[in-house]
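Make a model of the complete structure from these sequences and hints.
Going down the list, the protein sequences come from chains A and B. Just so we're aligned, residue 1 is where the first sequence starts under our numbering, counting upward by one. Just so we're aligned, residue 553 is where the second sequence starts under our numbering, counting upward by one.
Just to be clear, a hint being listed does not mean it is correct.
[What the hints assert, rightly or not] With the Cβ distance kept under 8 Å, some of the chain B side facing chain A (calculated, not the full set):
#1 Arg-694
#2 Val-757
#3 Leu-857
#4 Pro-873
[Said to hold, decoys possible] To be clear about the criterion: a stretch of chain A counts as covered by chain B if any three or more of its residues have a C-beta under 8 Å from a C-beta of chain B, and this derived list gives those stretches:
#5 174 to 187
#6 282 to 288
#7 370 to 384
#8 390 to 404
#9 533 to 547
Since the hints were made in silico from the structure, they are not lab data. Ideal placement from N, C-alpha and C gives every residue a C-beta, glycine not left out.
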Amino acid sequence: MHATSKLRWSPALAALLAVACSDPAPPTVTPDAGVTPPPATVTFNAPAPVLRRLTQAQYVHAVHDLLGEDLLVSRPMEPDVPLNGSISVGAASTSLSPRGVEQYEALAYDLAEQLLRNDARRARVLTCTPTATVDATCAESFVRATGRRLWRRPLTAAETAALVTLAGNAATTLNDFHRGLEFALSAMLQSPHFLFRTELAEPAVGAEPARFSLYSLAGRLAFFLWNSPPDDALLAAAEDGSLGTDDGLRAQVARMSASPRLARGLRAFVTEWLGLQRLDAVSKDPMVFTSFSSDVPAAAREETLSLAEHLALSRDVDFREFVTTRETFVNRRLASIYNVRAPSELRPDGFGLVTLPETSPRRGLLGHVSILALAAHPTSTSPTLRGKFIREALLCNEIPMPPVSVNTALPEPSPSLRTMRERLQRHQADPTCNSCHALLDPIGLALEHFNGIGTWRPNDQGAPIDASGSLDRVTYRDALGLSQAIHDAPAFPRCITTRLYRFAYGRHEGDGEEAEIGRLSQDFAYGGYRLRRLMSSIATSAAFRRADGGTP
Amino acid sequence: MKTRIHRRTLLKGLLGGAAISIALPPLEAFINANGTAYAGGGTSFPKRFGVFFWGNGVLPARWDPTAEGADYALTPQLMPLAALKSDLTVISGTRVLTTNSSPHLSGPAGLFTGDALRGGTVTRPSIDQVIAQELGGETRFRSLEIGVQRSNESYSFAGPNQVNPPETSPRALFNRLFGEGFRMPGEMTVADPRVGLRRSVLDAVGGQATDLRNRLGAADRVRLEQHLEGVRGLERQIARLEENPPNLAACRRPEMPAEEFPDVDGRRPMSAISRAMSDLMAMALACDQTRVFFNMYSQSVNNTLFPGAPAGHHQLTHDEPGEQPMVDAIVRLIMGDLAYFLTALRNVQEGDGNLLQHSIVLATTDCSYGKSHSIDDYPVLLAGTGGGSIATGRHIAARGENSSKVMLSVLRAMGVRAPEFGVGAGRTTDGLAALAP
Numbered sequence: 001m002h003a004t005s006k007l008r009w010s011p012a013l014a015a016l017l018a019v020a021c022s023d024p025a026p027p028t029v030t031p032d033a034g035v036t037p038p039p040a041t042v043t044f045n046a047p048a049p050v051l052r053r054l055t056q057a058q059y060v061h062a063v064h065d066l067l068g069e070d071l072l073v074s075r076p077m078e079p080d081v082p083l084n085g086s087i088s089v090g091a092a093s094t095s096l097s098p099r100g101v102e103q104y105e106a107l108a109y110d111l112a113e114q115l116l117r118n119d120a121r122r123a124r125v126l127t128c129t130p131t132a133t134v135d136a137t138c139a140e141s142f143v144r145a146t147g148r149r150l151w152r153r154p155l156t157a158a159e160t161a162a163l164v165t166l167a168g169n170a171a172t173t174l175n176d177f178h179r180g181l182e183f184a185l186s187a188m189l190q191s192p193h194f195l196f197r198t199e200l201a202e203p204a205v206g207a208e209p210a211r212f213s214l215y216s217l218a219g220r221l222a223f224f225l226w227n228s229p230p231d232d233a234l235l236a237a238a239e240d241g242s243l244g245t246d247d248g249l250r251a252q253v254a255r256m257s258a259s260p261r262l263a264r265g266l267r268a269f270v271t272e273w274l275g276l277q278r279l280d281a282v283s284k285d286p287m288v289f290t291s292f293s294s295d296v297p298a299a300a301r302e303e304t305l306s307l308a309e310h311l312a313l314s315r316d317v318d319f320r321e322f323v324t325t326r327e328t329f330v331n332r333r334l335a336s337i338y339n340v341r342a343p344s345e346l347r348p349d350g351f352g353l354v355t356l357p358e359t360s361p362r363r364g365l366l367g368h369v370s371i372l373a374l375a376a377h378p379t380s381t382s383p384t385l386r387g388k389f390i391r392e393a394l395l396c397n398e399i400p401m402p403p404v405s406v407n408t409a410l411p412e413p414s415p416s417l418r419t420m421r422e423r424l425q426r427h428q429a430d431p432t433c434n435s436c437h438a439l440l441d442p443i444g445l446a447l448e449h450f451n452g453i454g455t456w457r458p459n460d461q462g463a464p465i466d467a468s469g470s471l472d473r474v475t476y477r478d479a480l481g482l483s484q485a486i487h488d489a490p491a492f493p494r495c496i497t498t499r500l501y502r503f504a505y506g507r508h509e510g511d512g513e514e515a516e517i518g519r520l521s522q523d524f525a526y527g528g529y530r531l532r533r534l535m536s537s538i539a540t541s542a543a544f545r546r547a548d549g550g551t552p
Numbered sequence: 553m554k555t556r557i558h559r560r561t562l563l564k565g566l567l568g569g570a571a572i573s574i575a576l577p578p579l580e581a582f583i584n585a586n587g588t589a590y591a592g593g594g595t596s597f598p599k600r601f602g603v604f605f606w607g608n609g610v611l612p613a614r615w616d617p618t619a620e621g622a623d624y625a626l627t628p629q630l631m632p633l634a635a636l637k638s639d640l641t642v643i644s645g646t647r648v649l650t651t652n653s654s655p656h657l658s659g660p661a662g663l664f665t666g667d668a669l670r671g672g673t674v675t676r677p678s679i680d681q682v683i684a685q686e687l688g689g690e691t692r693f694r695s696l697e698i699g700v701q702r703s704n705e706s707y708s709f710a711g712p713n714q715v716n717p718p719e720t721s722p723r724a725l726f727n728r729l730f731g732e733g734f735r736m737p738g739e740m741t742v743a744d745p746r747v748g749l750r751r752s753v754l755d756a757v758g759g760q761a762t763d764l765r766n767r768l769g770a771a772d773r774v775r776l777e778q779h780l781e782g783v784r785g786l787e788r789q790i791a792r793l794e795e796n797p798p799n800l801a802a803c804r805r806p807e808m809p810a811e812e813f814p815d816v817d818g819r820r821p822m823s824a825i826s827r828a829m830s831d832l833m834a835m836a837l838a839c840d841q842t843r844v845f846f847n848m849y850s851q852s853v854n855n856t857l858f859p860g861a862p863a864g865h866h867q868l869t870h871d872e873p874g875e876q877p878m879v880d881a882i883v884r885l886i887m888g889d890l891a892y893f894l895t896a897l898r899n900v901q902e903g904d905g906n907l908l909q910h911s912i913v914l915a916t917t918d919c920s921y922g923k924s925h926s927i928d929d930y931p932v933l934l935a936g937t938g939g940g941s942i943a944t945g946r947h948i949a950a951r952g953e954n955s956s957k958v959m960l961s962v963l964r965a966m967g968v969r970a971p972e973f974g975v976g977a978g979r980t981t982d983g984l985a986a987l988a989p
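Listed below in structure tokens is the structure:
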């Protein structure tokens, strides 16, 4: 019920879309010379901030960063719920199910025991030695320090007192100071202050727009850039007020951008942008695709994430190369699917960087197993799903739902209709289908040389494949040409900006926010389409600090 | 059910902190003399409600019976349910009248909530959660959501965007139901001091949430309230640990299912998992661990590879030409798994009757004809009578009737005092008259 377009079907809308897609507005900027710098700010009214639930990855990062890398988060937890394809938007719209509450309780006790029943680990979070079974002073120092990190702000006196009392009661009952702390820690981990990100506005001063409190801003920055909670330095910058100054904010963002944790933020973004979490559930018929073993989906995801990290962070180059580069990352399994020699230098996880040969028909994202397998059926390709992926994820076109009550059957392969292109003629000939499928199938057919798991093939049912077509009036001969056309389309970097904006803000942009996305998109072009820079631009923008809607 | 004896005070402190189970002498006379109710309270057996949902519809020409009433002939797709015919009400012809804007999603939203999708989600709780409000307070779990296909999606909604994700691992369901925290009738757990501490932690968590609530906007308050509802549910579960377990003769701890159900030929063994889940759910109900469930066999648009099928289920519903024999075989396979589930409920004796009779199971899907996404002539089965609250053993041809009428009848049969069901085009103030017993 979630991953649904908000558009309702109507022929008029489809006609509008078709026009919009085939006749794109001229680019306002070009990547080469003469790119105008963007304005520093644009004016718009942002909606009120909302609670955001920690995603599974954010929960795990919080545990590892705040309590220790060596704690195992090995129990199930509430699944992330993508809304309109976005995990961050889902996290801003959903709550916890009763089962989720149970799961987080079990996890909380599990983690509290792992941390506090081991002397070395306990020493990381407990700096005092208790003088008695109930030692309120020592308990309070633990609650203050650990609570501030877990709740991403200092605890109030009342909150501290309640947790110290809880620890004391538990210590008395169990006759053990440290067991008492387990219950206080467990309460902190089950708290909505931990499981939800509360973003609160400071009261507006004069004509100034309302801004987030500095602790709220610290959380926004850390979860956006790192997909993790604030570290001590960031909380300190909130506490001493330096985060509230332009220089202080820029310094923190620069520090965070230089941290290896930036890769977490990037990976979380790419995962939701491309829907890579769906690889967990991808199903392929092993009778049809004999090389598709159960380890392929995870490997395919790692390839795509590694390449994004490589281009955006390690090389820090024009990110549009994501769809055209000959570089990629493979392990032995993917190397055999791609028919390339596995690299001699492998990372500990078995992956290594390869450059595909000049003659390779495979380049960039649209040659990845991840995308080719996801946008396909269990036993075959699907030009429609592949076209839909390109339109929605790479160009941000919104495709309406298919109409109801139409005959959707495709003819079976036959001597007269051998290839998928021939069978799909029906979509183009029938006016009910055509209005949308004209946007989808032709570009999806460019990838027909890659079967349902992404293995290259010269023929379909013994007939040669025609992969030519056009993307919004730019013609191409094959998948490489399509990828180049996407690379060159102004809609592509604008779409990356839009998707990163949604990831950062946890919402679909409203009417007024188009202007801010336009500004950021211009900045992206101005900076040579470097994704690292775009992340920083969002993080340091005036809009990211503003909390117009305020809270009652 | 109201006769819980608080014996924890008797045993408290006897045996340190460890949780130790002691078998107490079985309580005599579970049932009253005429076998229709518990002894003592004089209340009848609890009513249970659940949904069995599968994705991608049916083939209406091979689903809908022709003759009406008790003397109808089972159609090919209903044939796997032949042994349950007398427990079954087949309702054909109803229509989901809310907007059909989203193939596969508008149907279940309209059926289970009586309203169209808005903003990609439902506007109100699904029928199982409405009933859980009424029936769920007594039991350890307010409701249970399970599934067979591995998925985090469901149509069990506590409210807009608030999905209750299904448990799809039989072992995980077993652990949740029959692991730590479960006690057989007559079995008593000695008070564990940690139990009381867990409750005080949850009290503290609830208090923190109350502080937060006053600083939130309206929508976030609803979301926080949802979280608090879960916290209170967990408190209720823990409270049950300190009370006598429900006193039900048919309750026993089931066999622990296998940890893994490995794929067979790259296909999830749907039937094997469904059957393991069915056995567990039957005992969950027999042991009164819950009275409401949502069993999501497979989700809308699922592309499950069924045994022998040359393509995924959803793809076949659209691409298979002709009379779609492979789609037909899949629907019949699913009905076979439904039959197993209903039989597992029927095999639980309760007094003179059985668990299925005391339940209403609503079995349905996401559209009528998968190929066209039609939500006219919606396929709806009801199994059981809810303790004699609805008629059974019949085919009701309710051509053109609002599907909400069926939902309202079910709500009322479950004891929910509902003046109406649905909004807008989906609204009704009348049940389906033919369902009256």
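>> Just to be careful: measuring from the Cβ of B:Leu-857 to every Cβ in chain A, is the smallest value less than 8 Å?
In response: holds (5 Å)
> Mind checking, does the region 390 to 404 of chain A have 3 or more residues with a CB under 8 Å from chain B?
Replying inline: holds (count 3)
> How about B:Pro-873: closest beta carbon in chain A under 8 Å, or not?
Replying inline: This interface hint holds because 6 Å falls under the 8 Å limit.
>> If you count the residues of the region 174 to 187 of chain A with a beta-carbon closer than 8 Å to a beta-carbon of chain B, do you get 3 or more?
In response: holds (count 4)
> Is the hint on B:Arg-694 kept, meaning its closest Cβ partner in chain A is under 8 Å away?
Replying inline: holds (6 Å)
> the region 533 to 547 of chain A covered by chain B? Criterion: 3 or more residues, Cβ-Cβ distance below 8 Å.
Replying inline: violated (count 0)
> Are there three or more residues in the region 370 to 384 of chain A whose C-beta lies closer than 8 Å to some C-beta of chain B?
Replying inline: holds (count 4)
>> Quick check on B:Val-757 please, does its C-beta sit within 8 Å of some C-beta on chain A?
In response: Constraint on B:Val-757 satisfied, holds at 5 Å.
>> Verify this for me: three or more residues of the region 282 to 288 of chain A with a beta carbon less than 8 Å from a beta carbon of chain B.
In response: holds (count 5)
Violated hint for the displayed structure: number 9, the only one.
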